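Colleague: Given only the sequences and the hints, what does the whole structure look like? Please build it.
Protein chains: 2
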Amino acid sequence: MKTITINECAERLLNADNILILMHKSPDGDAIGCAYALAHALRKAGKKAMPVCSDDIPKKYDYITSTLETQDFEPEYIVSVDLADTPLFGDKLIQYKNKVNLCIDHHGSNTGFAEYGYVDSGAGACAQIIKKVIDSMGIEIDKNIANPIFTGIATDTGCFKYSNTSVESYRMAAELLEHGAEGFFINNLMFDTKSRQRLELERFALESMKFYNDGQIAVIFITLDMMESSGAEEGDTEGLSAIPRQIEGVRIGITFREKEKGNFKISMRSSGDIDVSALCKHFGGGGHKAAAGCSITGDINEIEKNVVSLAGTAL
Amino acid sequence: MKTITINECAERLLNADNILILMHKSPDGDAIGCAYALAHALRKAGKKAMPVCSDDIPKKYDYITSTLETQDFEPEYIVSVDLADTPLFGDKLIQYKNKVNLCIDHHGSNTGFAEYGYVDSGAGACAQIIKKVIDSMGIEIDKNIANPIFTGIATDTGCFKYSNTSVESYRMAAELLEHGAEGFFINNLMFDTKSRQRLELERFALESMKFYNDGQIAVIFITLDMMESSGAEEGDTEGLSAIPRQIEGVRIGITFREKEKGNFKISMRSSGDIDVSALCKHFGGGGHKAAAGCSITGDINEIEKNVVSLAGTAL
Chain X
0 MKTITINECA
10 ERLLNADNIL
20 ILMHKSPDGD
30 AIGCAYALAH
40 ALRKAGKKAM
50 PVCSDDIPKK
60 YDYITSTLET
70 QDFEPEYIVS
80 VDLADTPLFG
90 DKLIQYKNKV
100 NLCIDHHGSN
110 TGFAEYGYVD
120 SGAGACAQII
130 KKVIDSMGIE
140 IDKNIANPIF
150 TGIATDTGCF
160 KYSNTSVESY
170 RMAAELLEHG
180 AEGFFINNLM
190 FDTKSRQRLE
200 LERFALESMK
210 FYNDGQIAVI
220 FITLDMMESS
230 GAEEGDTEGL
240 SAIPRQIEGV
250 RIGITFREKE
260 KGNFKISMRS
270 SGDIDVSALC
280 KHFGGGGHKA
290 AAGCSITGDI
300 NEIEKNVVSL
310 AGTAL
Chain B
0 MKTITINECA
10 ERLLNADNIL
20 ILMHKSPDGD
30 AIGCAYALAH
40 ALRKAGKKAM
50 PVCSDDIPKK
60 YDYITSTLET
70 QDFEPEYIVS
80 VDLADTPLFG
90 DKLIQYKNKV
100 NLCIDHHGSN
110 TGFAEYGYVD
120 SGAGACAQII
130 KKVIDSMGIE
140 IDKNIANPIF
150 TGIATDTGCF
160 KYSNTSVESY
170 RMAAELLEHG
180 AEGFFINNLM
190 FDTKSRQRLE
200 LERFALESMK
210 FYNDGQIAVI
220 FITLDMMESS
230 GAEEGDTEGL
240 SAIPRQIEGV
250 RIGITFREKE
260 KGNFKISMRS
270 SGDIDVSALC
280 KHFGGGGHKA
290 AAGCSITGDI
300 NEIEKNVVSL
310 AGTAL
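The listed protein sequences correspond, in order, to chains X and B. Take the first sequence: its letter number 79 is residue 78 in numbering that gives the first Met the number 0, and every next letter is one higher. Take the second sequence: its letter number 115 is residue 114 in numbering that gives the first Met the number 0, and every next letter is one higher.
Quick caveat, the hints were computed from the structure, so don't treat them as lab data. Mixed in with the good hints there might be a few duds.
Said to hold, decoys possible - Below are the DSS-like pairs computed for lysine-lysine, each with C-alpha atoms no more than 25 Å apart in a straight line:
no.: 1; chain 1: X; residue 1: Lys288; chain 2: B; residue 2: Lys193
no.: 2; chain 1: B; residue 1: Lys98; chain 2: B; residue 2: Lys1
no.: 3; chain 1: B; residue 1: Lys193; chain 2: X; residue 2: Lys209
no.: 4; chain 1: B; residue 1: Lys209; chain 2: X; residue 2: Lys193
no.: 5; chain 1: B; residue 1: Lys288; chain 2: X; residue 2: Lys193
As the list claims (entries may be wrong) - Partial pick of chain B residues on the chain X-facing surface, computed with a CB cut under 8 Å:
no.: 6; residue: Arg170
no.: 7; residue: Ser194
no.: 8; residue: Glu206
Said to hold, decoys possible - Derived CB-CB ranges, DEER-like:
no.: 9; chain 1: X; residue 1: Phe210; chain 2: B; residue 2: Thr4; range: 48 to 58 Å
no.: 10; chain 1: B; residue 1: Ala289; chain 2: X; residue 2: Phe210; range: 28 to 38 Å
no.: 11; chain 1: B; residue 1: Gly297; chain 2: X; residue 2: Lys91; range: 53 to 63 Å
no.: 12; chain 1: X; residue 1: Glu233; chain 2: B; residue 2: Leu223; range: 38 to 48 Å
no.: 13; chain 1: X; residue 1: Glu233; chain 2: B; residue 2: Lys91; range: 47 to 57 Å
no.: 14; chain 1: B; residue 1: Met0; chain 2: X; residue 2: Phe210; range: 22 to 32 Å
no.: 15; chain 1: X; residue 1: Asn262; chain 2: B; residue 2: Asn262; range: 33 to 43 Å
no.: 16; chain 1: X; residue 1: Thr2; chain 2: B; residue 2: Glu233; range: 51 to 61 Å
All of these numbers come straight from a predicted model, not from anything done at the bench. Glycine residues also receive a C-beta, built at the ideal position from the N, C-alpha and C atoms.
Modeller: Laid out in structure tokens, this is it:
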């Protein structure tokens, strides 16, 4: 992948048309925010552009998705946003894995699968980079662009709370409000509203919590059984992996999420002092210093033992 | 009280010395942040200045209080910050209730007890006003000033989440980080750290949750047994009464907290559309439209039935 600048990203996008914007599977607020903000901006520049994802966009993002009409076209230019590696393309998008023209991302672990790319691991949210690209394209930010960018920044920074929240995050939030972003509506929906199913799932997760290494490691489990008993959907699981790390004295929080029988997605969180992406890399995963993940197939007790044991070496 | 401008507040402070800065009793992050930031700024201007409060400052604010050495002096000028009314002065400070020279506040309900005052109810935190006063005094903001102001803004806006969070809140947060505020440390301490006892108590509370009136009323219980089994202390209960109202579809959230055997403190929360203070008044309590409380002695099942039944009439 050839690294280019923000301005060069903008230039390439302005020279392209019929642009497909790829999100990672299990899309979160940042992925969705980036894709929809960019699509709106490109359409304002007279392009055809459409965000695509292998998975359904969770219903709570309806206020974003409902603003963009579907466009059908033969893709001529493929952009990926907030997408670190090809396994995250998912079933529907894997066909594009060798065809990505431009990659815009904020994961230091980005594998460089695209032709050209801009990766800034210092950006708290990929949406912060997308905003700069849109500014560089000379497209005026309106409410349809401001809301998804605000969503990306707010969700990836845990409502301006995590260590990745920077001067830029706060300053952009201010600017986005001035351009029509509904900050309170978004923050209230994302951080102060829970479905009953989510609450039930949270209760199960709290019940499953275990501590290791004198309380410096905390783990929780989200099993298929818990998903079924609670009636929770995919969207109800967002942010659960933040729970174990919140506990006083915990330096590494680990969430074991059963995706299929015997297959687990492991999410690790630290306060930024321990590089959990290095730990996840050990199991073929990656991510950020304070938030990373990996997938492991096998017996959950074995997996737990191995993951906790490796995490223990990082304390 | 004669209303003056920010610049006039700054001028009066620069013309004063031996300045006592009053906080309200049960001080919160905004009160403490305002008082300590202003004290530091005044000392940089060569004044003697000391924040005072009728109650002890909670230990978690040590990172603020430890930065300021105690100064003893005969007060010549009395300033109140974030203080709406004289009953909030508390036992130690009530002696100053008719002696306040300058009042800086953001409560629309401010009773105007001071000689001069600046009240802006549009400010999400009083700390936002204090920052403007300090800027107007021409005092450079350093880490000792930036940290308490950031604390005030973050705590009063619920980590930039509540409806009072404005363009100014986000923009000041950015500027304060540039002047040395430890935003992540502060947010993490205030919003992302839970004791294991608190977590356990939360789990019990979630388990106790019941729904009424088609899910429009949610109730939780915090019993003496739960407090004992979890090992939780008084400080661990902060914010628990916000939980039932967060659930999708819930319009009134009610928390039954057993204070002594057979005596319950009832907290009610709404989204502001239903006046829960009117409901609590029925049982001899009161409060705000969206957050109110009352105390009832008796059999918990009877109490629950009566309270829920009355709440149902308000839907």
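Colleague: Now, for every hint given, state plainly whether the structure supports it.
Modeller: Status of the hints after comparison with the structure:
Of the supplied pair hints, the one linking lysine 288 (chain X) and lysine 193 (chain B) holds, its CA atoms being roughly 22 Å apart against a limit of 25 Å. Restraint check for lysine 98 (chain B) and lysine 1 (chain B): the C-alpha separation of about 14 Å stays at or below 25 Å, so the hint holds. Restraint check for lysine 193 (chain B) and lysine 209 (chain X): satisfied, since their Cα atoms lie roughly 15 Å apart, inside the 25 Å limit. Distance hint between lysine 209 (chain B) and lysine 193 (chain X) is fulfilled; the C-alpha atoms sit about 15 Å from each other, no more than 25 Å.
Restraint check: the Cα-Cα separation between lysine 288 (chain B) and lysine 193 (chain X) comes to about 22 Å, which is no more than 25 Å; the hinted pair holds. Interface restraint check for arginine 170 (chain B): the shortest CB-CB distance to chain X comes to about 4 Å, inside 8 Å, so the restraint holds. Among the interface hints, the one on serine 194 (chain B) holds; its C-beta lies about 5 Å from the nearest C-beta in chain X, closer than the 8 Å criterion. With a least beta-carbon distance of about 6 Å to chain X, the hint placing glutamate 206 (chain B) at the interface is held under the 8 Å criterion.
For the hinted restraint 48 to 58 Å between phenylalanine 210 (chain X) and threonine 4 (chain B), the CB-CB distance of approximately 55 Å keeps it satisfied. Checked against the given bound of 28 to 38 Å, the beta carbons of alanine 289 (chain B) and phenylalanine 210 (chain X), roughly 37 Å apart, stay inside it. The hint said 53 to 63 Å for the Cβ distance between glycine 297 (chain B) and lysine 91 (chain X), and at roughly 60 Å that hint holds. Separation of glutamate 233 (chain X) from leucine 223 (chain B) is about 39 Å and conforms to the stated range, judged on CB atoms against 38 to 48 Å.
Checked against the hint of 47 to 57 Å, the pair glutamate 233 (chain X) and lysine 91 (chain B) passes, with Cβ atoms roughly 54 Å apart. Methionine 0 (chain B) and phenylalanine 210 (chain X) have their C-beta atoms about 54 Å apart, which leaves the hinted 22 to 32 Å range violated. Roughly 51 Å separates the CB atoms of asparagine 262 (chain X) and asparagine 262 (chain B), a value that falls outside the hinted 33 to 43 Å. As the Cβ distance of threonine 2 (chain X) to glutamate 233 (chain B) is approximately 55 Å, the hint placing it in 51 to 61 Å holds.
This entry does not satisfy hints 14, 15, going by the numbered hints stated previously.
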